[in-house]
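Peer 1: Each chain is listed here by its residues.
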Amino acid sequence: MSEAVHNPELSVEALKAGDRAEFARFVDAYSGPIYRLALRILGDAQDAEDVLQETFIKAYRHLGEFEGRSSFSTWLYRIASNEAFMLLRRRHPEMVSVEEGTQTPDGEQEPLQIVDWCCLPEEEFLTAESRAYLDKAIDQLAPALKAVFLLRDIEGFSVRETAEALSLSEAAVKTRLLRARLQLREQLSIYYDERLRERGTGTREIHANGREGGIAREPEKYEKEVGPS
Amino acid sequence: MSDHDREPVDHPLAGAAQASGTRVAIHPHDHQSCRHLLKSLSDYVDGTLDESLCVEIEKHMGECERCQIVIDTLRKTVELYRDMAPAPPVPEDVRARLFVRLDLDDFLVGK
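From first to last, the protein sequence lines stand for chains A and B. Position one of the first sequence corresponds to residue 1 (my numbering), numbered consecutively onward. Position one of the second sequence corresponds to residue 1 (my numbering), numbered consecutively onward.
Because the hints were derived from the structure by calculation, they are not lab data. Hints may contain errors.
[As the list claims (entries may be wrong)] Chain B is nowhere near these chain A residues, computed Cβ spacing over 12 Å in every case:
{"no.": "1", "residue": "V12"}
{"no.": "2", "residue": "F66"}
{"no.": "3", "residue": "R69"}
{"no.": "4", "residue": "P93"}
{"no.": "5", "residue": "M95"}
{"no.": "6", "residue": "A180"}
{"no.": "7", "residue": "E198"}
[What the hints assert, rightly or not] Only pairs whose alpha carbons sit at most 20 Å apart, straight line, appear in this in silico DMTMM-like list of lysine to aspartate or glutamate:
{"no.": "8", "chain 1": "B", "residue 1": "K59", "chain 2": "B", "residue 2": "D83"}
{"no.": "9", "chain 1": "A", "residue 1": "K16", "chain 2": "B", "residue 2": "D103"}
{"no.": "10", "chain 1": "B", "residue 1": "K39", "chain 2": "A", "residue 2": "E186"}
{"no.": "11", "chain 1": "A", "residue 1": "K136", "chain 2": "B", "residue 2": "E79"}
{"no.": "12", "chain 1": "A", "residue 1": "K58", "chain 2": "B", "residue 2": "D103"}
{"no.": "13", "chain 1": "B", "residue 1": "K39", "chain 2": "A", "residue 2": "E110"}
{"no.": "14", "chain 1": "A", "residue 1": "K136", "chain 2": "B", "residue 2": "E63"}
{"no.": "15", "chain 1": "A", "residue 1": "K58", "chain 2": "B", "residue 2": "D105"}
{"no.": "16", "chain 1": "B", "residue 1": "K39", "chain 2": "A", "residue 2": "E194"}
{"no.": "17", "chain 1": "A", "residue 1": "K136", "chain 2": "A", "residue 2": "E194"}
Quick caveat, the model's predicted, so the values are computed rather than measured. Glycine included, every Cβ here is placed at the ideal spot set by N, Cα and C.
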């Protein structure tokens, strides 16, 4: 679980009372995930650093307003995500759409990559290349989806915490999370399909897209193997 | 004629197959289930879906290998990201500038 959501040692009372040592501990506890979130959303180290600094300056100024309705960490993340998206709007106004990721799930992109790559040996998922690919795939997501995915699946927030941290409804979080996960599944399927081919162990492959090099099965063969008995 | 002998049809969870003209055979079943299922997938892999819907999905997966593959690989996708090694902490120089900016430089030593 995330160090941010579950950090029982910090005292909100001490922070509110102006305890500087406690504030320094607070900064160290949260600066990692806040910086990573900003870096992911903005894709620029200097911008991420600016967001990091602004977040803690605002948190310090507004500590007195924290009422404990949400957890302290989601309150801090709300400040950070506001800062990050504000800066993103300034830097790349074309990238931030209010509507992005909010369409109904009925409008969901249907899965295109239908290859079962779960059977790959575990070491295949542990290579540096594989990890780098996973990392790169996140950056392909639209910022609105990325923020939800990072908090929920990387930092380990619950749906409710993610909603509070991003000032979204839980329904919007779920919609965006689904969309992000489906998009990442597509990306990973393309990558691991290649690994399957390299190994020549393409069991249970069903190539729906008929792209070059694909080994689309004959319909009758497919029927024979997976048709209901 | 049994159900098994029906003509194969395109599957709604295989948009590219239709786009590229490659027809993928699949036994006919309630395609509404596949679409309906798609929007419940996140909750399903998180284990937060209503039990009645889980039963519906599991029954459907038994009949639809495509959906089975989509769900298995979606679950694996989420697992891979959850197991990803935590990103490195804030670089030391970024931390130092942050502490200075916050007038906390006297706490810079020792993390």
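Peer 1: Each hint needs a verdict: does it hold in this structure or not?
Peer 2: Taking the hints in turn, this is what the structure says about them:
no. : hint              : in the structure
1   : V12               : holds (18 Å)
2   : F66               : holds (17 Å)
3   : R69               : holds (23 Å)
4   : P93               : holds (26 Å)
5   : M95               : holds (22 Å)
6   : A180              : violated (9 Å)
7   : E198              : holds (18 Å)
8   : B:K59 <-> B:D83   : violated (29 Å)
9   : A:K16 <-> B:D103  : holds (17 Å)
10  : B:K39 <-> A:E186  : holds (16 Å)
11  : A:K136 <-> B:E79  : holds (17 Å)
12  : A:K58 <-> B:D103  : holds (14 Å)
13  : B:K39 <-> A:E110  : holds (10 Å)
14  : A:K136 <-> B:E63  : violated (35 Å)
15  : A:K58 <-> B:D105  : holds (18 Å)
16  : B:K39 <-> A:E194  : violated (28 Å)
17  : A:K136 <-> A:E194 : holds (16 Å)
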